[in-house]
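There are 4 protein chains.
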Amino acid sequence: MSLQGVLPILPTPFTSDGAVDEGSMRRLIDFELEVGAHGVSVLGFMGEAHRLAGFERKQVVAASVEQASGAFPVWVGVLAFGAAGAIEQAREAQALGASGAFVAPPPIQSDQAIFDYYASVAEAVEIPIALHDFPESFKTILSAELIARMGNEIEGVRYIKLEDYPALEKMSRIQEHAPDAIGIFGGLGGMYFLEELQRGSHGIMTGFSWPEVLVSVYNAFRSGDVAGAAAIFDRYVPLIRYEFQPKIGLAYRKHVYHERGIIDTTFIRPPGMQICDYTRAELTAAIERVGFSLNRTGAQTVAPAS
Amino acid sequence: MSLQGVLPILPTPFTSDGAVDEGSMRRLIDFELEVGAHGVSVLGFMGEAHRLAGFERKQVVAASVEQASGAFPVWVGVLAFGAAGAIEQAREAQALGASGAFVAPPPIQSDQAIFDYYASVAEAVEIPIALHDFPESFKTILSAELIARMGNEIEGVRYIKLEDYPALEKMSRIQEHAPDAIGIFGGLGGMYFLEELQRGSHGIMTGFSWPEVLVSVYNAFRSGDVAGAAAIFDRYVPLIRYEFQPKIGLAYRKHVYHERGIIDTTFIRPPGMQICDYTRAELTAAIERVGFSLNRTGAQTVAPAS
Amino acid sequence: MSLQGVLPILPTPFTSDGAVDEGSMRRLIDFELEVGAHGVSVLGFMGEAHRLAGFERKQVVAASVEQASGAFPVWVGVLAFGAAGAIEQAREAQALGASGAFVAPPPIQSDQAIFDYYASVAEAVEIPIALHDFPESFKTILSAELIARMGNEIEGVRYIKLEDYPALEKMSRIQEHAPDAIGIFGGLGGMYFLEELQRGSHGIMTGFSWPEVLVSVYNAFRSGDVAGAAAIFDRYVPLIRYEFQPKIGLAYRKHVYHERGIIDTTFIRPPGMQICDYTRAELTAAIERVGFSLNRTGAQTVAPAS
Amino acid sequence: MSLQGVLPILPTPFTSDGAVDEGSMRRLIDFELEVGAHGVSVLGFMGEAHRLAGFERKQVVAASVEQASGAFPVWVGVLAFGAAGAIEQAREAQALGASGAFVAPPPIQSDQAIFDYYASVAEAVEIPIALHDFPESFKTILSAELIARMGNEIEGVRYIKLEDYPALEKMSRIQEHAPDAIGIFGGLGGMYFLEELQRGSHGIMTGFSWPEVLVSVYNAFRSGDVAGAAAIFDRYVPLIRYEFQPKIGLAYRKHVYHERGIIDTTFIRPPGMQICDYTRAELTAAIERVGFSLNRTGAQTVAPAS
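Order-wise, the sequence lines are chains A, B, C and D. At position 291 of the first sequence the residue is numbered 290 (numbering that gives the first Met the number 0), and the sequence of numbers has no breaks. At position 98 of the second sequence the residue is numbered 97 (numbering that gives the first Met the number 0), and the sequence of numbers has no breaks. At position 11 of the third sequence the residue is numbered 10 (numbering that gives the first Met the number 0), and the sequence of numbers has no breaks. At position 48 of the fourth sequence the residue is numbered 47 (numbering that gives the first Met the number 0), and the sequence of numbers has no breaks.
It should be emphasised that the hints constitute simulated quantities derived from the structure, not laboratory data. Don't take every hint at face value.
When chains are identical, the list treats them as one kind, so a pair holds in a single copy or across two.
Unchecked claim - Under the rule of at most 16 Å between Cα atoms (straight-line distance), these lysine to aspartate or glutamate pairs were calculated in the EDC-like manner:
id : residue 1 : residue 2
1  : Lys246    : Glu135
2  : Lys57     : Glu21
3  : Lys246    : Glu122
Whenever a hint applies, use it, and build me the whole structure from the sequences.
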């Protein structure tokens, strides 16, 4: 019954004059369906949610939900300065048909205030809530104990998207506090996906632009073939690593999705970083070394290291 | 033609169950008219703007503008994670009749990104824009040089609400870079109001809950009576100082406005700090030592030290 | 038996070429004795301890202790990146005759790590330890509960120099957790000295350059004359407020001590802020409005408001 | 003539009761000589320099320099709160025979203050200085322009240890500003070592506990065999990635060096994180998947992917 699998974080595509591009958004959904993703996550940090107006948030969610047509769940990111704004966003996501909301913590370092924040959002909606534990971006630290307590005590809090270093250790500490209180999803570009699965994660929500790799690792692992999962994972780690460079990862990913024929432009709203020709060539080299190609459309073949 | 004087930052009053209280909001406007304020500022940090939903922001602005009825300008705070959200808020304020918008900087430390952010907001509206330089809350640092440059080069950027320490020094440095490029308003609870006027400020936007003091200082100063302005200021500094305690100032101020019969409740949205009985008594003592009383309604008499 | 009273934080005076000036340091000690201070605190933030080499720290402590000749206690600041460095500094202070050490927290946000840090320093010396709770400079937050616990459980931890906003509220919360576990000293330039005494503080450690004011307030209060203490305090608050501007306060204070004939130069090590002629005149005006003069040497007369 | 190659950042080994273990320190030096490293870097962040007392810093440097016997350069980390402390440390390193000092920036965000800081340290010694650009730990941001300017204008500033994300882009931007002004060394656990070499880096200073990999990549690349360098790099990236988990990397590395028979204990000074049995097994699996073994002493064979 519970949420499992690979739910890629999708970028928000723009037209060349910077407007939300619903057509490209729909093609992203189609692509994720094609590669066998188990759902998608929109309006995350990589989705430039912080750079969208309220009416644009609605566009992204509505187009995604409609295109998914119930084929897989659409999770929606919530980021606000306070609880009232977060509730407003979560309710809107629910009204538009989202399956769940992953919610950034409030910008305040107090366990009780964080608990109350999530409790007030969870109580305001019927869709399940995932904590988004990502202090590098949000600055707020959620202790393992607090996470476990929220999973146990707040009915609607069902999952966590865990991106606090060292994530593997933290995953185990949360489970020690509350073995089944909260379903853990990895993030961090997929960097520790193999070990996360071995430690009992439910899956991953991350922006790696070759989601077929994550799906293959996940499916091999779930079928019981741990060695096979590891062999696939290790082969593609050099590319996972390359893409996972803070601040510039989005530019890599929009470039890849654009070259793969999925989104129309590589437009990023300012002040997002762009990439230059040298970097594009460097990225291409990293892609080709693992056997992928930017010149083909559709899902590409994933294979373990020979 | 330009904006001058005392424009108190108003708290957002709530009913006892936490909803925006439009009636109290209107009484706050009436009170500021009564004390002779030159305008008001709503949806600032002290107005708990970060704790409001979008529809509540509209309530506050609409009620304030309607109640002011053009008798004085209503300035509106804008706080967003990115330019699209800030533009959406500024346009909404303009549509509702606001006279101007004071805009928090983006959460990014890059002069060019800050410049572009303010330029995009200023270009999207016709009302004037004030920079809000308050790194203690917003974390972003605006250099004196950048401020001067924005005042000179972005047409709609006309003012700054300056709350970066040491504010007096920074005021002078901005003026050195660009003598008339930008009108400077003080803040910081009025702590340096006298010296700010002497250094050429246009006035003040701050939340001190005895605005009649600020108006008296301002009027004395503008009439040429600097010694008189100083004598008033010094008398009330012990109270200005007491109220200006970070994190808890809002609770003091809601208590004062409530006791003075202006707002119905002292409700603060979580996680805002509350005050206890001891603190209320301590605050009352500080108020009475300067000759004010919590038991009278209406503007109170302001006089210089004997 | 316990430490009480006014222990001014002393600046570290330099010669005109930037070396530690022991002669001026000794005159500072003499001046504090003259005004009736109950001790002194050297090597605090305002003492530019972070800008001194190890051998210079020793110079400052040795000269201060020798000049004090046991007439009053000399407390020494400790600031290090880790426990080993802090222990080394605290032992050195003890060896040079210091009466106690006020110790900055480690740069890590973990209650247990903070506890262990202070425990290891306290166990390494025989002199008493004061926590230095000043998150604005040190970034580390000490909760009221943790402070109370350290006061109760670590034998050598006897005092706290409390400078976390809102300090008055925090003082009360510490006392609720542990009524007599830890002696509380105020700081923050003396801004809340009156209310701190009323809430039960032991005294103050701060850098206000007119310590005769703090001594007069303290003595009036301790003699039972609360109204008299308040009347003195309120009179000088405009000056206390002026001096207490973050980042530039040290320049004001070195200027005052220099003009009062106590230290030879106003040299501040880079990147400390300097003050310009305009600011010096502004400071002089603030001084004269409360009835003090920069043209007299020795302690000046302190009187309540007329 | 200039510094080139792989200069591993060494951990500081401790005895089981937490004292600096000079014997293990010397064996680390011997091991780095055996694997063909081009030098070593001691007293970095991974060397727990922030957790050492002054006398312990001397122990580490003296033992390292003596053991190296001039066979390769020993670089020493400098971390202080201000310039006087940094100069004291750099002079001490020089006096003990260090070949150079890599110096953390001051904790202040001002280009001029940072420039002056490095200039004052560089002028105080004769050994070359490397900037340490690592905002994740030090919080200070060095712009590419400032780095280039310091390389050009401060004679002693010759290198930079670059660990600011995205490091590859920043490397190119520094070179655009000043093609030959400063020699760039990578860090970041070796995560981008291949691409850094291709962009013109001089080498790497990092703590990866299998330095034979870095030496092999470097030597292949310098011999002109870029494809061979890439094939080696890609094979070991899964292990490089695993070790490079923030906050816990040191524990992995001390475990590896201990198991490999080089250091006597895995002692880490508090509050450093420890690893549990599960994690040790997970690390062992990551090591074995790339073909290494914890059960052998001495340098291990490095080979490209088959």
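Hint check:
In this assembly of identical chains, Lys246 and Glu135 lie within 16 Å of each other by CA distance both inside one copy and across copies; the values are 11 Å within and 13 Å between. When the C-alpha separation of Lys57 and Glu21 is checked against a cutoff of 16 Å, the pair qualifies only within one copy, where the shortest distance is 11 Å, while the shortest distance between copies is 28 Å. Taking the shortest Cα distances, Lys246 and Glu122 never come within 16 Å of each other, neither inside one copy (34 Å) nor across copies (27 Å).
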